[in-house]
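A.B. asks: If you want the building blocks of each chain, they are given just below.
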Amino acid sequence: MDNLFSLWLERGAYALGDEVRGRVLFPDPRHSTLEKVRSVKLQLRARVHGSGDSETLVVHDEQLHVGPLTQEELPFEARLPERGPVSWQGRHVKVNWEVVAELDIPWAIDPKRVAPFEVRPRRRG
Amino acid sequence: MRSSGQHVLGIVLGAVLCVVGAGALFASDGPLVVGVVFLVLGLVFAGNGARHLLARSAFEQLEFTALRPVALGGTAELILSLIPKRPLTLTPGGSKVTLTCTEKAVYSAGTSSRTYTDVLLTQDQPLELPALLSQPFEQRLTVAVPPHLPPTWVGKHNSFVTEVAVRVDIDGWPDLVLQTELEVLPELEAKSG
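Read top to bottom, the protein sequences are chains A and B.
Sequential numbering from 932 applies to the first sequence in the numbering used here.
Sequential numbering from 3 applies to the second sequence in the numbering used here.
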C-alpha cells in the first residue's frame, strides 16, 4: 500500500493565518483497495512534544471524501489560526506542524500520510 | 506581577524544610547529609522570601505592568510605579531591566511530575532612576523584543513565556525585584527581519 496515495502541499512554509492548500494524490485510481475506502479524513495539526508530555492541537479536521475513490486527486484547503504556536525546535519543547490524510478502510489498518510544514509568525502591516 | 503571597509561601516552605532538616540532624539515626541539604534549602527559600518581603516593605504601593501585548521585533512598553513610605537612596547605575524568555515542559508519570525549563534569552538593560526616591514615582519603560523568540503560548503541558523584571538597587536595603509577564504576539514587526 506504499504507493496507494501521497500528500502534496503547495508550499513548505506558511505564516499563522495563512491558507494551507494541497492535494491528496492517488497515482493509480483503479487500485482495488481504493474501491473499499469508506472515507478520506484530513487533519491540520501542531504536535507539541519534547521532554514533557506531548499535546496535539488540531486546528482543522474534516472528512474530505465519503465513499469509494475513483478520482486521481482530492484538493483541500484549510486556514491556520491567527494565534497559536509557531514551529520551534527547542531543547525541551518542539512544535511540529503537519497535515495528516487518512483513508478509512473497513477491516484494514487505515493507511496514513503525513506532510510536515513550517509555521512562522505572520508579518505585521 | 508576582505578589507578596508568593514570597510568604517561600518563607513557609523554607521554614518547613528547615524543620525537616533539623529533625533529620537531631534524630539519632537520621542521615546527616539529608538533614544538612534540607536545612540549607530551607534557609535559602526562607531567606529569599524574607528579602523580597523586606524590600517591598519600604514601599506603600508597587506596580509593574506591561501596557499591551508586543509583536516579535517590536518594543514592549511597561509602566513602573513606586510610592515609597520614606525617602530611599538608590545606588547610581545599580538598577536594571531584564527580559527573559523561557520554554517549559512538564512531564507527568502517575502522581509525580517533573518540569524541564530552558532559558532561551536573558537580556539586561540599565534602568535610569533618580538618586533619591521620596515622591510617588512613575516611569514608562521600553524593552526591545528580539524577532527570533517564540511567541507566548501556553499549552496543557508545554509553554513559551516571556517576562520582564526590574531590579531597583536601594542603598542599605534589599534590592526590590518586580516581575511581570509580557504577551508576545505571533506577529513579526514589519521592520524586523
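Calculated from the structure, these hints are not laboratory results.
Computed from a prediction, not measured in an experiment: that's the story for all the values here.
Among the hints, erroneous ones may be present.
[Claimed, not checked] Among the chain A residues that face chain B by a calculated CB cut under 7 Å, a handful are:
| # | residue |
| --- | --- |
| 1 | G983 |
| 2 | D984 |
| 3 | E986 |
| 4 | A1009 |
| 5 | R1010 |
| 6 | P1012 |
| 7 | R1014 |
| 8 | W1019 |
| 9 | R1022 |
[Claimed, not checked] Quick list of in silico lysine-lysine cross-link-like pairs, PhoX-like style, CA-CA up to 25 Å:
| # | chain 1 | residue 1 | chain 2 | residue 2 |
| --- | --- | --- | --- | --- |
| 10 | A | K1025 | B | K87 |
| 11 | A | K1025 | A | K967 |
| 12 | B | K158 | A | K1025 |
| 13 | A | K967 | A | K1043 |
Yeah, the Cβ is synthetic: ideal placement off N, Cα and C, and Gly gets one too.
A.B. asks: When the hints from earlier in the document are held up against this structure, which numbers fail?
C.D. replies: Hints 4, 5, 6, 10 and 11 contradicted; others consistent.
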